[in-house]
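Chemist: Line by line, the protein sequences give chains A and B.
Position one of the first sequence corresponds to residue 1 (our numbering), numbered consecutively onward.
Position one of the second sequence corresponds to residue 1001 (our numbering), numbered consecutively onward.
Mixed in with the good hints, there may be bad ones.
[Unchecked claim] Listed below are the simulated EDC-like cross-link pairs for lysine to aspartate or glutamate, each with C-alpha atoms no more than 20 Å apart in a straight line:
hint, chain 1, residue 1, chain 2, residue 2
1, B, Lys1060, A, Asp38
2, A, Lys157, A, Asp104
3, B, Lys1095, A, Asp38
4, A, Lys94, B, Glu1312
5, B, Lys1300, B, Glu1312
Hints in this document: simulated from the structure, not taken from any laboratory.
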Amino acid sequence: MPLAPANTQIEPLKDNPALARILSWNPSAVEAVKFDRDELSIYIDRSHIREVCALLRDDSRCPFNYLADVTCVDWYPTEPRFEVIYHLLSIQGKERVRLKVRVDGSSPAVESVVSVWPAANLFEREVFDLFGIRFTGHPYLRRIQMPEDWEGYPLRKDYPVEGYR
Amino acid sequence: MAHMTPTPVMDASQDRTMILNMGPQHPSTHGVLRLLLEIDGETVVRIMPDLGYLHTGIEKTCEAKFYQQVVPLTDRIDYLCPLTNNLCYVLAVEKLLRLEIPPRAQWLRVMLNELTRINSHLVWLGTHAMDIGAMTVFLYCFREREDVLRLFEMVSGQRMMTSYFRVGGIALEPPIGFLDKVKEFADRFPARVDEYENLLTSNPIWTMRTKGVATITAEDAIALGASGPTLRGSGVDWDLRRDMPYSSYEKFQFKVPVATEGDVFARYMCRVQELRESNSIVKQALDGMPEGPIKADAPKVVLPDREKMKTEMEALIYHFKIITEGFAVPAGEVYQAVESPRGEMGYYVVSDGTAKPYRVHMRSACLANLQALPKMCEGRLIADVVAAIGSIDIVLGEIDR
Chain A
1 MPLAPANTQI EPLKDNPALA RILSWNPSAV EAVKFDRDEL SIYIDRSHIR EVCALLRDDS
61 RCPFNYLADV TCVDWYPTEP RFEVIYHLLS IQGKERVRLK VRVDGSSPAV ESVVSVWPAA
121 NLFEREVFDL FGIRFTGHPY LRRIQMPEDW EGYPLRKDYP VEGYR
Chain B
1001 MAHMTPTPVM DASQDRTMIL NMGPQHPSTH GVLRLLLEID GETVVRIMPD LGYLHTGIEK
1061 TCEAKFYQQV VPLTDRIDYL CPLTNNLCYV LAVEKLLRLE IPPRAQWLRV MLNELTRINS
1121 HLVWLGTHAM DIGAMTVFLY CFREREDVLR LFEMVSGQRM MTSYFRVGGI ALEPPIGFLD
1181 KVKEFADRFP ARVDEYENLL TSNPIWTMRT KGVATITAED AIALGASGPT LRGSGVDWDL
1241 RRDMPYSSYE KFQFKVPVAT EGDVFARYMC RVQELRESNS IVKQALDGMP EGPIKADAPK
1301 VVLPDREKMK TEMEALIYHF KIITEGFAVP AGEVYQAVES PRGEMGYYVV SDGTAKPYRV
1361 HMRSACLANL QALPKMCEGR LIADVVAAIG SIDIVLGEID R
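Isolated chain A (complex conformation) (with noise of 0.2 Å):
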C-alpha cells in the first residue's frame, strides 16, 4: 500500500526559510513540498543534494548547521523505490526541516554528504547497511550493524521479519 506523496501548493510556504534559499538558488531542485502536521518535507531532485545540503547549511539567515538524523523508507513495490530522509535542525532558528530524496530500487545510490556534515557518517552507513543504499563518495562504507558477510538488508519490506531461514 503506497503511500502518495500528498503534495502541498509551493506558494503559500514560500516565506519558510529553508525553501525559499533553495528555490532562490535553483527551483528545479525541488520536486515537491509537503507541510503536515507542522512538519514541512521538501523532495529534491536526487542530483542536488549534496549542493542543498550545503547551501542551507551555509545560509546566514537561517544556517541548518545541525544533522539530526539520516534515514530511508522503503516503498516497495513502486518505483521509485526508496526514500532517503535527511532531518535538519537550525540551533540559530529554531527550525526543522526535512529533506527526501526518492531512489529507484534497481541500483539505488545518493551522494553523500558526509562532506557537508560529517555527523552524516555513521547515519549513511546504517542505511547502506540495512537497506542496501549506496551513498556514493562516502569515506568508508561499510555495514555497521550487520556482520561483513549477511546477505540482503534487513529493513527492506522484501526481507521478511523473521529472516531467511
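We have chain A; now place chain B onto it with these hints.
Modeler: Frame of chain A, contents of chain B only:
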C-alpha cells in the same frame, strides 16, 4: 560487526604504530562497544568504533506490531531511560493522531521523565567515576538510584522496563501514596548531590584526570551531530525541553547548565547541575500537579477503564477491537525529538493508515555522540579514552538497536 572482518580496518603500515583492540568485553566501554585503537606508544593516533554487537532489529520488529505493542519495545532501546523512550514514541504517535493529552498526564510524564534523567545520570556518574578510579561514588550513586527504581516499581510494577506511558495518556493512575514518596525523595536528593560533589568536584585526582582532557570545540560538536550534555559542555546553549518544548515543558522553570571548556570536566559539571535542575522540575510538577483524567478522550485509541469494560457494552466492544485489531492511525509521518539524558532522541514514525506502523526509526543520541569520540581522543593517551567514553555517557542498546 567487523569481528567477521578478515583484515584490520586500519592500516598500520608504518612500523611506529600498532593496533590495539579495546572491547567489546572491556568494562570501561559500558556494554559492548568495540574500539580499534591505532597507537604510537601510549598515544592514540586513530580510533575506529565497531558497532553492532547488540543489534536486535527493533526497527524491523516495530513494523510487525500494532502501535500499542511498540511501547514495550522502546524500553529496550535505551535501558537507562525507558520512560524517555516511551514518551518520545507516544508523542510521535499522538502527533500522527492529533490527540490532545490531559494536563495531569502531561505533568506526570514530565515528573517521571525527570526522575528517569536522575536515574540515568546516577548510573553515568557512578560508572564514569569508577572508570577513572573513584570507587566510592559508585556506591553512593547506586544508593539513590535504588530509591528511584523503587519509585518506578511502585508506579509501573517494573524497576527498569517500565512501559508506563500509553498512546493517549498513561497506563494507570499512580497508586495512593506515590506522590508523597516522590516528594520525600525530591526533598532529600539535593543533599545527596552535595555528597557526590564533595567527593569529586574539587578532588585533585578527579580534576587532573578530567580537566583539559578530551576537549571538543562547539563547531566540531555541532558538525558531528553531538547533542545533550556533550554539546552543552562545549558551550552550545541548546536544550530541546526549553527550545522546542513538548509535553508542556514550557510551563516549568529550569536553567540549562552550560559549560564552555568542552572537556570531560565540563560535561561532568553539566550533568551534575542537571541532576539539581531535574530535581527542581520534579518538585514543580508535584506542587502544580493538576487533577483530572490521565487519558485522552478518544475511545477508539485509548483502552477503557477496567471498571467500565465490565459494566458497559460499548466499552467492552472498544476494548476488544483495540486489543485484537489495534487502532488505525491516519497516514502521514512525524519526527518527534525529546531531550533524553544523552541528548536528542528522535522517533520518526511513518503511517500508511493501518494499525501497524509502516516504519519506525529511532534517532540515537549516542550514535551521534560516539562520532565525536575520535575527535576528542586522537593525539591523547589511552587512559584518556576511558575518561572520554564515560563522559559521553554511552548506552550501546540505543546505538545498535
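Chemist: Under the criterion that the straight-line Cα-Cα distance not exceed 20 Å, is the pair Lys1300/B, Glu1312/B satisfied?
Modeler: 15 Å, holds
Chemist: Has the given pair, Lys1060/B with Asp38/A, been kept, meaning a C-alpha gap of at most 20 Å?
Modeler: 27 Å, violated
Chemist: Quickly compare the C-alpha distance for Lys157/A and Asp104/A to 20 Å and report which way the hint goes.
Modeler: Holds: Lys157/A and Asp104/A sit about 14 Å apart, inside 20 Å.
Chemist: Hinted pair, alpha-carbon criterion (20 Å max): Lys94/A, Glu1312/B. Please report holds or violated.
Modeler: 47 Å, violated
Chemist: Lys1095/B and Asp38/A: Cα distance at most 20 Å?
Modeler: 10 Å, holds
Checked against the numbered hints above, the structure breaks hints 1, 4 and satisfies the rest.
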